[in-house]
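Listed below, chain by chain, are the residues.
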Amino acid sequence: MPNITYQGKAYPSQADETVLDALRRNAVPVPFSCRAGSCHSCMLLCQEGGATERSQKDLKPALKKLNYFLACQCVPEKDMTISLPNDEDVYVSAHCVEKKQLSPTVWRFRFDTAVPMHYHAGQFVNLKNEMGWLRSYSLSSLPTEDEHLEIQVRRMPQGQMSHWLVDDFDVGMHIELGGPNGHCIYTDGEPEKPILMVGTGTGLAPLIGILRDGLHQGHSGPIHLYHGVRTADELYLHDTLSELAEQNSNVHYYACISGEDVTGEVEAGRAADVAMSEHPDLKGWRIFLCGAPEMVKAMRKNAFLAGASMPEISADAFTVPEH
Amino acid sequence: MSTLFEKIGGEAAVDAAVDIFYRKVLSDDSISHFFETTDMEAQHAKQKSFLTMAFGGPNNYTGTDMRAAHAPLVAKGLNESHFNAVAGHLQATLEELNVPAELIAEVMAIAGSTKDDVLGL
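Heads up: the protein sequence lines correspond to chains A and B, in order.
The numbering used here puts the first residue of the first sequence at 1468, with every later residue one more than the last.
The numbering used here puts the first residue of the second sequence at 4, with every later residue one more than the last.
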């Protein structure tokens, strides 16, 4: 089995073992999160030997050329000497220009980058602070309309990074920003296709970007957006979305509350359940799912069984880092 | 003389069949647990390779791969009744797509030839 050399020490890999698993088995601390090739947190640099094709297929051409690879996707075929990424290859410095609380637990941050970042609405970026903490956040901004990059951060009870952002990070400060990554984006060419969007919590962030992108590109088919939260005070974009629905006759917004009694213009129950009960036939629909992993997993299956074609279902599940 | 894969409609036929087939399999409570994973997209891609192989298309399957890939499922109780249920869904998918009976027979023969490897016999 090939050897993996990291910081001067060689670690023999085992059969079918990824670089990430081999390093973790030897208690070598490297960043990682989703372990599915999506988040790019575990991206490393291959200095000698070759990274596998699979571990590079989702990387930007420039990073591929520099020999970056995803440790969680690389089962080494030959000896490799690897290192952590060089910050200047992967990150740009971002400057916080706005921080605003939107609900009891959600804050909005807006950034300027030293070099303009080219992205599609719905993609995500990796934020890295001075302590080296790395987390993925979806962009909620639209590159063609918004001057700044925007993310929406929910203060998670156990969330080290979200607490740091909310408590210690502020306007005028800098943070490293990597990306953009992700394939959960509006695809043009089918302006009449009905679209179903289901987001829980700040899973709404990429969806509002994708929704605005669709409208901007002239989407004329119906767009049904379900936002699921536990309590009404967490409907952090209620006015914005209600306004979008008022201004665009094809946009329909449903606020779904699962954790308390409801009154008025909101629906009782979990967003995915409400959406499925109102749209039992999803043949020919385009589906976007973002938020809690268990919701995304169950809803992906239900949407597929309800007739949606698998390639038409785009999903972005939150990943919860292990420690 | 065209091959089975060409006669059946090539990759387009696989694309048309895979959603219908995988939907049938997932809706069948007697076998769905073998097909449910956290990564449904990857599972969907596996069904696509399987159909390509069964349709006589280009593939890299070997009997050893089949055995190794299904060994964990055999350990979880995968048996002949499950194999037959999947084969039934394959047949029903092809019938739904109006594939001629003689081509269905050829596909079913290829699928049937994997049985010993799939079940680890």
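Treat the hints with care, as some may be off.
Chain B regions said to be covered by chain A (calculated; three or more residues, Cβ under 8 Å) [what the hints assert, rightly or not]:
| no. | segment |
| --- | --- |
| 1 | 42 to 51 |
| 2 | 101 to 111 |
In silico SDA-like pairs for lysine to any residue, Cα to Cα no more than 20 Å straight-line [said to hold, decoys possible]:
| no. | chain 1 | residue 1 | chain 2 | residue 2 |
| --- | --- | --- | --- | --- |
| 3 | B | K49 | B | A104 |
| 4 | B | K51 | A | M1777 |
| 5 | B | K51 | A | S1776 |
| 6 | A | K1750 | B | K79 |
| 7 | A | K1768 | B | P61 |
| 8 | B | K27 | A | P1747 |
| 9 | B | K51 | A | P1747 |
| 10 | B | K49 | B | I113 |
| 11 | A | K1764 | B | S30 |
| 12 | A | K1750 | B | A114 |
| 13 | A | K1764 | B | S5 |
| 14 | A | K1545 | A | D1483 |
| 15 | A | K1768 | B | I113 |
| 16 | A | K1768 | B | I107 |
| 17 | A | K1768 | B | T65 |
| 18 | A | K1750 | A | G1736 |
| 19 | B | K79 | B | A104 |
| 20 | A | K1768 | B | F37 |
| 21 | B | K49 | A | M1777 |
| 22 | B | K49 | B | S30 |
| 23 | A | K1750 | B | G66 |
| 24 | A | K1566 | A | Y1478 |
| 25 | A | K1476 | A | S1550 |
| 26 | A | K1750 | B | T65 |
| 27 | A | K1764 | B | H92 |
| 28 | A | K1567 | A | D1483 |
| 29 | B | K51 | B | P61 |
| 30 | B | K49 | B | T65 |
| 31 | A | K1768 | B | D119 |
| 32 | A | K1567 | A | F1636 |
| 33 | A | K1764 | B | V28 |
| 34 | A | K1764 | B | S35 |
| 35 | A | K1527 | A | K1476 |
Rather than coming from a laboratory, the hints here were simulated on the basis of the structure.
Here the structure is a predicted model, which means the values were calculated and not measured.
Even for Gly, the Cβ is constructed at its ideal location relative to N, Cα and C.
Is it true that the CA of B:K51 sits at most 20 Å from the CA of A:S1776?
-> holds (13 Å)
Between A:K1768 and B:T65, does the CA-CA distance stay at or below 20 Å?
-> Judged against 20 Å, a Cα distance of about 30 Å means the pair is violated.
Would you mind confirming whether the straight-line C-alpha gap from A:K1768 to B:I113 stays at or under 20 Å?
-> violated (29 Å)
A:K1764 and B:S30: Cα distance at most 20 Å?
-> It holds: about 16 Å lies between the C-alpha atoms, which stays within 20 Å.
Would you mind confirming whether the straight-line C-alpha gap from A:K1764 to B:V28 stays at or under 20 Å?
-> holds (17 Å)
A:K1768 paired with B:D119 [C-alpha distance capped at 20 Å] = Distance of about 30 Å is beyond 20 Å: violated.
Is it true that the CA of B:K49 sits at most 20 Å from the CA of B:T65?
-> This hinted pair holds, its Cα atoms lying about 14 Å apart.
Are three or more residues of the segment 42 to 51 of chain B within 8 Å, CB to CB, of chain A?
-> With 4 residues close enough to chain A, the hint holds.
CA of A:K1750 to CA of B:T65, is that 20 Å or under?
-> violated (35 Å)
Compare the distance between the alpha carbons of A:K1768 and B:P61 with 20 Å, and conclude whether the hinted pair is satisfied.
-> With a Cα-Cα distance of about 29 Å, the restraint between A:K1768 and B:P61 is violated, given a limit of 20 Å.
Pair hint outcome, B:K49 versus B:A104 [Cα-Cα no greater than 20 Å] | With Cα atoms ~25 Å apart, B:K49 and B:A104 exceed 20 Å; violated.
Given hint A:K1476 paired with A:K1527 - CA-CA distance at most 20 Å = violated (29 Å)
The structure does not agree with the numbered hints 2, 3, 6, 7, 9, 12, 13, 15, 16, 17, 18, 19, 23, 24, 26, 27, 28, 31 and 35 stated previously, though it agrees with the rest.
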